[in-house]
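From first to last, the protein sequence lines are chains A and B.
Taking the numbering used here, the leading residue of the first sequence gets 258, the next gets one more, and so forth.
Taking the numbering used here, the leading residue of the second sequence gets 258, the next gets one more, and so forth.
Worth flagging that the hints you see were computed from the coordinates, not collected in a lab.
Hints are all accurate, no fakes.
Same chains, same label: a pair holds when it works inside one copy or across any pair of copies.
Cut-off 27 Å, straight-line C-alpha distance, at most; resulting in silico cross-link-like pairs (BS3-like, lysine-lysine): (1) LYS623 / LYS560; (2) LYS560 / LYS338; (3) LYS479 / LYS451; (4) LYS451 / LYS623.
Number of protein chains: 2
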Amino acid sequence: MPEKTSSSETGLVLRSRVDEDGTLSLWLADEPIPTPGPDEVVIQVQAAPINPSDVSLLTAPADPSSLVAGGSAERPTLQGKVSPQRLPALAARIGRDLPVGNEGAGKVVRAGENATHLQGRTVAVFGGGMYAQYRLARADDCMVLPEGVTAADGASAFVNPLTALCMVETMRREGHHALVLTAAAAGLGQMLNKVCQEDGIGLVNIVRRAEQVKLLRGLGAKHVCNSSDPDFMDQLTQALRETRATIAFDAVVGGPLAGQILNCMEVVAREDMTEYSPYGSPVHKQVYLFGGLDPGPTEIERKAGMGWGVGGWLMPWVLGRLGPARVKQLRERVAAGITTTFASHYNEQISLADVLRPQMVERYAKASTSGKLLVDPTAA
Amino acid sequence: MPEKTSSSETGLVLRSRVDEDGTLSLWLADEPIPTPGPDEVVIQVQAAPINPSDVSLLTAPADPSSLVAGGSAERPTLQGKVSPQRLPALAARIGRDLPVGNEGAGKVVRAGENATHLQGRTVAVFGGGMYAQYRLARADDCMVLPEGVTAADGASAFVNPLTALCMVETMRREGHHALVLTAAAAGLGQMLNKVCQEDGIGLVNIVRRAEQVKLLRGLGAKHVCNSSDPDFMDQLTQALRETRATIAFDAVVGGPLAGQILNCMEVVAREDMTEYSPYGSPVHKQVYLFGGLDPGPTEIERKAGMGWGVGGWLMPWVLGRLGPARVKQLRERVAAGITTTFASHYNEQISLADVLRPQMVERYAKASTSGKLLVDPTAA
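Make a model of the complete structure from these sequences and hints.
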């Protein structure tokens, strides 16, 4: 990989644009390093993960078979075609050169007059545009990582850790006492298992393969149900009976799973009913959909009476409703546990240019099964 | 029809039982007229409608083809078989002789010492057991009908009127400003149209047939969308654009309709977005399912981003959360408008014994299309 050719006053920024004709373009732009305002800093980004949520700005809108690589080895480009049916949903981004990369970490290299205490510190940031060599940030948005923690350690300090913590917050605020997670063997699930063990909260893990059951049991998980087993519904009902979980977070989303969870919750809730009602138990049973591993329709076979809900769930929106004091507590908990409870693991470190290479696109497009990639923009 | 043979101290009560072996039995029991406590009254029931919600206690659990009539002309019985798959959901009613009939009206013939002001009044009651010649009720639960209003006028003073009013309450409490109703040409929909016109609330009506569009327009409805039209989605999106409705009440429930409503709401919400988000508009879009005209699974094709919810909705549960002061106001509004805004219409008056006749079962099982039946227990 050659040394970067940009001058000391510019840095590379990965940008993504969808044009009116449905062309998706990804490229590395050489842009001036921003000058921070009084309450801002400039971070030299050293590590930024590729999360499933990043792929929606990278390549997801385009038909995968339409992607064509271009440019040079050092400044590769990628183009693809968005299908006409998907285009209306993208109206708000047509013609805009969007930055990409939800979260990451790096070193503060420039600081405004009210942020000089951050100069030289390694900080983590959330909010887009982290696939870049330099990124402007509000000082308040920086999570200062403890001494000795590297940018790679802290690169994933927001999406998974705050998603796990916000699930627990939602559970509590909506009056539930234990929870269910699907696709529970992934990084997020491993984190949520640690959080629930620390906090003494009942967690029912749903996975699809026997080795995932083993993995989670090895991490101390008490309740793991395998949806590929013929007695899955019985396993799930029993786990719900033991935990009294009445809220679930589902990353699979398409297919019958959300409805199956509700129906098993209702079976347990009805065991407590002393009077018959054709509307079932009034205990509210909730499934929040936060992913989309299966893009098909969510099919709810309604056997759960009338006391149920299904809906979308998005961590930043939940965070926005918690209020700054609680958010600060959650962020401090993440920073303190960034190399333990909230540690992330990566299969490979890649450069900014690598993000645009077709063989990498293939890998991060199926992120859940092939392990996580970490982008190091200093290697571009 | 012969005169009733019960003594003056007993009355007929329609009862329904499911046995452990899955046998459903319906019969008329001759039971002592109850003695009211100090705060109670006994109502001679004169009119009680058969609502879709009653059918679930009558014949719905059994396979329709299994129903067999028995008994005498005067004391008919009906038996049927519940499929083994449905039986677990009925566990709480196994072996219990349940009364039937959610609402009705009649004359107070006995009153406890604190309820003598009700003696001789025509009152409406909600809460089950109205398919009976006499029914005990708490004085507080009686809606006293205005002078000159008959029991037949007041028989449906609860289910449809309070459902319509509770939909508006839910809309307001959850921060929405206009609403959508499906299967909107039925009695409930006609009532909700009158309520929304009185209160100046935007209402989008969804129906399935051209004559239903005409019917609702004749009642002054501004927004009526026909789901059988090829441009239904465009009609719906335009009506949502004009009303800004972000909450819907869906009686169809099975199939893609709930998801289609959410997706059209999202199209409108995105028109207000100035920045692109792969998660769509943060405006919350809600569909409550309160019926079940289509028993198939609810299929949600997720194009509505993350700001949406679908869930069960049950009027009595909503009423329970409103608090007694607000409930009193709603009941007073219904009583005042019982022959106008909240008037119900019936195709035929039948006796208690008629409820158990197979040709009647067929009619009320498809209630939505064949018009409403009114039971007059004094004719049994």
